[in-house]
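Once you've looked at the hints, dock chains B and C against the given chain A.
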Amino acid sequence: MKFEFLLGNLKINDRQLPRFIQRLVRKKLAIVCILALLVLYTCGIFAECVSPYGYTDQDYSSILQSPNSDHWAGTDRTGRDVLTRTLWGVQNTLILTVVAMLTGGLVIGVTLGLLAGYMGGKTDGVIMRIGEIFASFPDILLVIILAATLRPRILELARWVEDSTAIDGLVRTGIVDYFVVSFALVAFGWVGMARLVRGQILALREADYIQAARAIGASTKRILFFHLLPNCISVIVVTVSMGMGALTGTEIVLSWLGLGIQPPRPSLGTMLLGAGNIGTLRDTPWELLVPGIAAFIMVVAWNLLGDALSDALNPKTR
Amino acid sequence: MWIYIVRRLVWIPILLLFVSLVTFALGRFGPGDPVVVMLGNRYDESTAERLRDELGLNRSFVVQYGDYMWGFFKGDFGESLRFRGRPVRDLILPKMWVSAQLGFAALIISVGIGLPLGFFIATRQGSWIDPTSVALSLFIMSIPVMVIAPALLWVGCLKLSWFPCSGWGGFFDSRLVIPAIVMGVPGIAGMTRIMRASTLDVLGQDFIRTARAKGLSEWKVNSVHVFQNAMIPIVTILAFSCAGLIGGAFITETILGIPGIGRFAVDAIFDRDYPVIMAITLIGSIAFVIANLIADISYAFIDPRIRLN
Amino acid sequence: MKKFGVSIIFLSIALIIGCGGGSATEEISDVGDQEIRLTDAIPENPVVEPAAEGVFRRIWSDPPTLDPALVSDTTSMGIVAEVFSGLVTLNTDLRLEPDLAESWEISSDGTTYTFKIRENATFHNGKQVTATDFKWSLERAANPQTVSPVAETYLNDIVGVMDVIEGRTSEISGIKVIDDLTLQITIDAPKAYFLAKLTYPTAFVVDRENVESGGQTWTDEINGTGPFKLKEYKIGERIVLERFDNSNENDGGVSLIVMNLAGGQSMAMYENNEIDITGVGLFDLERVLDPNEPLNRELVIAPPDFSISYIGFNTQMAPFDDLKFRQALNHAIDKKLIAEEVLSNLVTPAYGILPPGFPGYNEQLEGLRYDSELAKQLLSESKYSDGDTRPRIVVTVPGRGGSVGLDMEVILEMWRQVLGVEVEIQQVEWATYLEDLNKNKFQAFAGLGWEADYPDPQDFLDILFHSDSKLNHGQYSNGQVDLILENARINPDPIDRIKLYQNAEQLIVTDAAWVPLWFEGERHVLIKPYVKGYRLTPMTVPKLSQVKIEK
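Chains as they are written, first to last, in my numbering: chain A, 1 to 318; chain B, 1001 to 1309; chain C, 2001 to 2551.
If we strip away everything but chain A, and leave its shape as in the complex, we get (with noise of 0.2 angstroms):
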């Protein structure tokens, strides 16, 4: 909602898109986060090569050791390497994050967006009241509601498909509460993300160049998706990547709950959950700091980067 209105007056001229790189590389702050990203994201995916311990790699002989050169963030209380694990961790947001993004975030919602503002009339009533009514439930606890409700479902189908047909290991990969966890987030992402593009489509339709495309018979896919869309690039760069800071939060808010990807795997929710009490903090504080740092970066960096990107691209901010 907020960032909504943050873009609602924000036209931008995107031929001037070489210019708006230049500024944002000016932006040092942007520069280090986008680092920061890669480098957190990159060390997630590849947790499994980046540490020499797997995720569920128990020592006894070595609880609870603070920050050492063997375990660089210390271990828990079953000696597991918390490095290894907040990563893993970091995996398993980034994936939940981008497919959410990608599907509600990007698909459904520029296309909706797109359809709204060219179509307009019964089409963008029909989109935008959807919408509506998608915005005005309370979405932490739909998201919630939902999440509960569908992974035993879910789950059950799963093990079904694995024991009648030759798939095997489809449940111990944990998609299904990748699947869950994504359409929950998914179900609430696409409706800021539609608007915004909605608004930019709705200044640039009687544009002339798109006159001119409609006068000499281009069809309405050609529009949409070759003259309307490379004009809102800069509204859904900004919209991503502020939705991903956002994201980046409930989903760590859903697996707190229990209700996002589930044990053996770690997820970053669940460390923090464990972790989050006063003695923790105390007495073995890289339990509860480790994996709270990873979600501070993922949330830091993507916010100063939409805010960078923002300003960057908001003339009257120049």
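Quick caveat, the hints were computed from the structure, so don't treat them as lab data.
Each hint should be verified, as a subset may be incorrect.
Claimed, not checked - Label pairs and their calculated CB-CB ranges:
| id | chain 1 | residue 1 | chain 2 | residue 2 | range |
| --- | --- | --- | --- | --- | --- |
| 1 | B | 1049 | A | 175 | 53 to 63 angstroms |
| 2 | A | 122 | B | 1125 | 42 to 52 angstroms |
| 3 | C | 2106 | B | 1049 | 31 to 41 angstroms |
| 4 | B | 1060 | C | 2477 | 52 to 62 angstroms |
| 5 | C | 2291 | A | 157 | 24 to 34 angstroms |
| 6 | A | 46 | C | 2420 | 24 to 34 angstroms |
| 7 | A | 160 | C | 2416 | 24 to 34 angstroms |
| 8 | B | 1155 | C | 2530 | 23 to 33 angstroms |
| 9 | C | 2345 | A | 57 | 20 to 30 angstroms |
Since we're looking at a predicted model, the values are computed, not measured.
Backbone N, C-alpha and C fix where the C-beta goes; we use that ideal spot for every residue, glycine too.
Below, chains B and C without anything else, positioned relative to chain A:
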């Protein structure tokens, strides 16, 4: 103008119909039988059947839904399944009140710090203060509440003994401080950014230039013309924030032991207490829809372009 | 009674999440009865100033019910046992004591009990408690309209109770009112544990007028017989119990009990003088055990609860239908290592079923101890030695914290390392867990515990392992065990009875019907020095009236 408002008003019941239908269906068709939860470990089929009859859970979906909504509009939210025989209204209203007070305290923090800060940095555009403050407020906003809450408790309550560690004692009680900080400080970033954007918007407009050209003092221009005009869009944002107040914040409430609606709602979801879930969702939606309406209408009054659209 | 959510391991979750859940979630926090219950966390309320005289402040969770007939969990029990009472009770040494009955006679055939009710036994409003009140209360508990989940378990020994439960009549033929103060109860066979069963709230007396005039929410204004009156109950906020002065046990002790229900961090609250008692969880244990730490002086270490946590196997489902496979899984777990290294000795490894100190506890029991070689050998001898053809194994645990418990995570890893057996773990929330558990749908289940309702081995072995028992969720069935259990029910000789139960226990353990996991080790509890007379009992019994606040 009036047609616009009427159109918005007519849309509200339809909106709520969909919201309630979805919530109700999710609850009913999701797994996990509330009767089983109520009977706990001493479950047996015949007892469960009796209980289902008694609670009316055996009737068809449409009948149950209709029955519920009819009651809802009469102000009767049904009886809780988990706390048998207790009206949902009596259960959730006190908790909503607690959450609303807490949310209000948090809002005071975010608005009280965020607005002046946003205004200030907008008028200092180009200096180092602007990007630094924005970055800093975003930084603070991004700290996970699961980390900050125990940390604040440790420092504020155990190390310094300034505040009690948990609980709720009303709006004018020291117990309010830690949760209000945990919930309010992250909101500063949002408020700052919105106020900053809004102020910049106003600063770029002709009448400000005119005011300056007239020779008004910088202070007067800022305080009278800029601030007042920058506040207009903020008012609509506040409408949303107020609607969000009753939603509560279940993480903060859980960690800090506050008897608010957020935690109660999450518990209700896990215990399949349908009437409670329904009531909270519906009330939340209604509040949101009304806030939306107020925002839209007030905007329409302020900005003639919207009226004509 | 069943307790859910294992042991200390869940403590952190109980701390943050478990408190204040619904009937089921309640039970998560119930883990280890006292332990977690204390840790359950709550806020203080301004009504009672922190240091007020005669006030005992603690944390609790919302009780699923306050109706004695419906109680089936320790959270409700902890309050109901203080507010209501019955013919007999257990004292803090867990010995059977007269309560509202001053004496009783047992007929020579052991089936007829004649209770004499105390002349000064009254309800809180001063009304005399009569034999008719008891008859009505028991009939109400058994009446199907009451929907009591426990009436059958606790009252079914009384002649005629099943007729009432099944709705054929509304009067229990085995209960006779001889005169105002004399009550006669006939049971179906000479069962030594019958009196002990009467200490459970199902058999407590309630005031008919109170129940009938109050409707469904009659427990808001309770007219009970216990040492405390329910002064206030605000759901999710607090329960206040007030000392009832006409009570038989008036000794000038504590006058108000304030139980906070809203959650929070209990250790912090204790350290900040907001509550008077708290359990010590894994995260604070090391600090509290340090002799240089001031808190160490307030530490009380209590003997373990009469409770056990376990992993249940469904013995009718592959691969747990194979004895050797079950045994292999048992032998592959190094419980001692887990208890010492991972759980900081907060729990004691369990090799049998009956907890230490419980009647019938057998020190000589031969448990299935850790032996990786034997485990491997047993696995290779079992039907399921080949990992490729072995059916999928899923252990289901309840909860919503996202954590399946440290112990489960270690056990899965041990099974993988020692046997190469891959086990999936699935966490489902309470509603679904209970539903499937009651349908015996789980292949294997964990996160469950059982806590004694009354000090008799029948409460563990018969209820959990007899093939006809509804609570035998693993569908364990051994004809020989059934026979021994049935004999033990009516064996009049206490020593012989115990021996029978010990035989049964040995058979069950060797059959590897479960993986017994932990007895809640020694419970570490912090109690403020000015609180006197608070007994840490291994079972829930009325005890708050003995608490004194001396400042």
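Please write out, lowest number first, the hints stated earlier that are contradicted by the structure. Hint check: 1, 4 and 5 fail, others pass.
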